[in-house]
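Residue numbers (the UniProt record's numbering): 1 to 395.
Treat the hints as calculated values from the structure; they're not laboratory data.
All C-beta atoms in this analysis are idealised placements derived from N, C-alpha and C, irrespective of residue type, glycine included.
Be careful, since some hints might not be right.
[Unchecked claim] With a cut-off of at most 25 Å between alpha-carbon atoms, the simulated SDA-like pairs for lysine to any residue come out as follows:
(1) Lys354 - Leu336
(2) Lys169 - Pro199
(3) Lys169 - Asn197
(4) Lys100 - Gln172
(5) Lys354 - Ser301
(6) Lys169 - Trp151
(7) Lys49 - Pro39
(8) Lys125 - Asp105
(9) Lys228 - Gln261
(10) Lys285 - Asn317
(11) Lys169 - His216
(12) Lys49 - Ser98
(13) Lys100 - Lys145
(14) Lys365 - Gln389
(15) Lys125 - Pro141
(16) Lys169 - Met150
(17) Lys100 - Val177
(18) Lys354 - Leu377
(19) Lys365 - Ile383
(20) Lys56 - Ala80
(21) Lys169 - Asn211
(22) Lys97 - Arg128
(23) Lys228 - Asn281
(24) Lys100 - Thr71
(25) Lys354 - Pro323
(26) Lys365 - Pro276
(27) Lys306 - Leu290
(28) Lys169 - Lys97
(29) Lys100 - Asn88
[To be verified] Simulated restraints on C-beta separations:
(30) Thr96 - Asp43: 16 to 22 Å
(31) Gly320 - Ser78: 57 to 63 Å
(32) Asp43 - Gln172: 49 to 55 Å
(33) Glu77 - His307: 29 to 35 Å
(34) Asn88 - Leu204: 35 to 41 Å
(35) Arg210 - Ser84: 37 to 43 Å
(36) Leu204 - Lys354: 23 to 29 Å
(37) Asn175 - Asp90: 21 to 27 Å
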Amino acid sequence: MIDSYYSSLRFFLHTIALLFSIFNLFNTYASLTPDLCPPDQRDTLLEFKNEFKIRKHDDFLDFDGFWINVTSYPKTESWAISSSDCCNWDGVTCDTKSGKVIGLDLSCSCLHGRLEPNTSLFRLKHLRNLNLAYNNFTFSPLPDKFNTLMWLERLNLSESSLTGQIPTKILQLTNLVFLDLSSYNSFSPSFLLCIENPPLFLPLLARNLRNLRALHMSSVNISSEIPKEFSCIWSLRSLRLEGCNLIGEFPSSVLLLPNLQSIRLDRNLELSGELPDFHGNNSMKILSLLETSFSGNIPDSISNLKHLTFLTLEGSNFSGRIPSSLGELSCLSNLLIAGNHFTGEIPSSIGNLKQLTVFSVGYNKLIGNFPSALLNLTKLRSIHLSSNQFTVQLT
Numbered sequence: 001m002i003d004s005y006y007s008s009l010r011f012f013l014h015t016i017a018l019l020f021s022i023f024n025l026f027n028t029y030a031s032l033t034p035d036l037c038p039p040d041q042r043d044t045l046l047e048f049k050n051e052f053k054i055r056k057h058d059d060f061l062d063f064d065g066f067w068i069n070v071t072s073y074p075k076t077e078s079w080a081i082s083s084s085d086c087c088n089w090d091g092v093t094c095d096t097k098s099g100k101v102i103g104l105d106l107s108c109s110c111l112h113g114r115l116e117p118n119t120s121l122f123r124l125k126h127l128r129n130l131n132l133a134y135n136n137f138t139f140s141p142l143p144d145k146f147n148t149l150m151w152l153e154r155l156n157l158s159e160s161s162l163t164g165q166i167p168t169k170i171l172q173l174t175n176l177v178f179l180d181l182s183s184y185n186s187f188s189p190s191f192l193l194c195i196e197n198p199p200l201f202l203p204l205l206a207r208n209l210r211n212l213r214a215l216h217m218s219s220v221n222i223s224s225e226i227p228k229e230f231s232c233i234w235s236l237r238s239l240r241l242e243g244c245n246l247i248g249e250f251p252s253s254v255l256l257l258p259n260l261q262s263i264r265l266d267r268n269l270e271l272s273g274e275l276p277d278f279h280g281n282n283s284m285k286i287l288s289l290l291e292t293s294f295s296g297n298i299p300d301s302i303s304n305l306k307h308l309t310f311l312t313l314e315g316s317n318f319s320g321r322i323p324s325s326l327g328e329l330s331c332l333s334n335l336l337i338a339g340n341h342f343t344g345e346i347p348s349s350i351g352n353l354k355q356l357t358v359f360s361v362g363y364n365k366l367i368g369n370f371p372s373a374l375l376n377l378t379k380l381r382s383i384h385l386s387s388n389q390f391t392v393q394l395t
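Please take these sequences and the hints and turn them into a complete structure.
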């Protein structure tokens, strides 16, 4: 009995000693492992935080003028000197070896105030990703020192209430793969951002930003033609230039870029052009030319856009017959070609589009019988046929 008691006691004491050793080892290791974030990076972030007030504003206007809800919360409120490792702060990403800040995502962070030309932001020289979208910089001029962040790969300043000219220096960021300067949120009837010298700026953009995958500049006042050099940005996957006052003829070669998946040129009334003969290696998923001056026919080769899900040519100047090859686009969910000059009948092959949810052909010059096969499309939710000359009218 006594032996059992002493045996249990020895086990207990050994356990306590072991736990004490582990505790001391942990404390020793922790003392030898400094915070990942260097003090200068932490101080710069705190200085940037103090440049702005926090003012919550969830509602923004999209490009169509509809209110949209943006979930915002003040990420910088969690930043504090008491939590010295800034690499654990909300929206901050650090290099795992050096601790330098390489990513800063403060989108929808309720920042309110001027983005000054000498903002402390430009001291974060190792930034690769910077997202300040959906904040309110109270109509500050777009600073011209973004080129000092020479490692930037992704820059998003959309919907941030910046004004003035886009500095040409920004085109020195040759590592960029994503650039978004869009401003769908029209706080003012005039454009917020503009390009001062498009014949210089746009070709230089195409030459310098050869790695660009996404270029979004909707509602930037460009007031110029798009140069043919844009067809040399082979990496381009997404191009959004809605409402930019584009003029002249759009180079059809841009539409043939093999990696291009989405192009939106809506609401450029003076922008003309024609659809090219599409190649079989095209990656296009979204083709939107709403309210432009594009004209000509829809080519039979439209069937080569095997991945196309969204096609809108509404309010433009297209004419001719609707090609039956459209019925080969098995992924197509939205087909909007109202408000043009299409003639002839709706091809029965449209009834093969099993994924179709929206079909709009109103305000054309279509005739003949309406293809009843459309009524068998189980996903069809919206159909617009008015102001044509169909033989059989649906009731």
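Here is what the structure says about each hint:
1. Lys354 - Leu336: At roughly 16 Å apart (the allowed maximum being 25 Å), Leu336 and Lys354 satisfy the hint.
2. Lys169 - Pro199: Roughly 15 Å between the alpha carbons, so the hint for Lys169 and Pro199 holds.
3. Lys169 - Asn197: Between Lys169 and Asn197 the Cα gap is close to 13 Å, so the pair holds against 25 Å.
4. Lys100 - Gln172: 22 Å, holds
5. Lys354 - Ser301: Holds - the C-alpha atoms of Ser301 and Lys354 are around 20 Å apart, at most 25 Å.
6. Lys169 - Trp151: Since the Cα atoms of Lys169 and Trp151 sit roughly 14 Å apart, the hinted pair holds (cutoff 25 Å).
7. Lys49 - Pro39: 15 Å, holds
8. Lys125 - Asp105: Holds: Lys125 and Asp105 sit about 15 Å apart, inside 25 Å.
9. Lys228 - Gln261: 19 Å, holds
10. Lys285 - Asn317: Since the Cα atoms of Lys285 and Asn317 sit roughly 22 Å apart, the hinted pair holds (cutoff 25 Å).
11. Lys169 - His216: 18 Å, holds
12. Lys49 - Ser98: 22 Å, holds
13. Lys100 - Lys145: 20 Å, holds
14. Lys365 - Gln389: Measuring from Cα to Cα gives roughly 7 Å; hence the hint holds.
15. Lys125 - Pro141: Distance ~21 Å between Lys125 and Pro141 Cα, so the pair holds.
16. Lys169 - Met150: Cα-Cα ~11 Å, so holds.
17. Lys100 - Val177: 21 Å, holds
18. Lys354 - Leu377: With a Cα-Cα distance of about 6 Å, the restraint between Lys354 and Leu377 holds, given a limit of 25 Å.
19. Lys365 - Ile383: 17 Å, holds
20. Lys56 - Ala80: 20 Å, holds
21. Lys169 - Asn211: Distance ~17 Å between Lys169 and Asn211 Cα, so the pair holds.
22. Lys97 - Arg128: 15 Å, holds
23. Lys228 - Asn281: Status holds; Cα separation ~21 Å.
24. Lys100 - Thr71: The given pair, whose Cα atoms are some 29 Å apart, is violated under the 25 Å limit.
25. Lys354 - Pro323: 17 Å, holds
26. Lys365 - Pro276: 23 Å, holds
27. Lys306 - Leu290: With a Cα-Cα distance of about 21 Å, the restraint between Lys306 and Leu290 holds, given a limit of 25 Å.
28. Lys169 - Lys97: 30 Å, violated
29. Lys100 - Asn88: 12 Å, holds
30. Thr96 - Asp43: 16 to 22 Å: Holds - the Cβ-Cβ distance for Thr96 and Asp43, about 21 Å, lies within 16 to 22 Å.
31. Gly320 - Ser78: 57 to 63 Å: With a Cβ separation near 59 Å, Gly320 and Ser78 satisfy 57 to 63 Å, so the hint holds.
32. Asp43 - Gln172: 49 to 55 Å: 27 Å, violated
33. Glu77 - His307: 29 to 35 Å: With Cβ atoms ~43 Å apart, the hint is violated.
34. Asn88 - Leu204: 35 to 41 Å: The hinted range 35 to 41 Å holds for Asn88 and Leu204, with Cβ atoms some 40 Å apart.
35. Arg210 - Ser84: 37 to 43 Å: 40 Å, holds
36. Leu204 - Lys354: 23 to 29 Å: 46 Å, violated
37. Asn175 - Asp90: 21 to 27 Å: 26 Å, holds
When each numbered hint is compared with the structure, violations occur for hints 24, 28, 32, 33 and 36.
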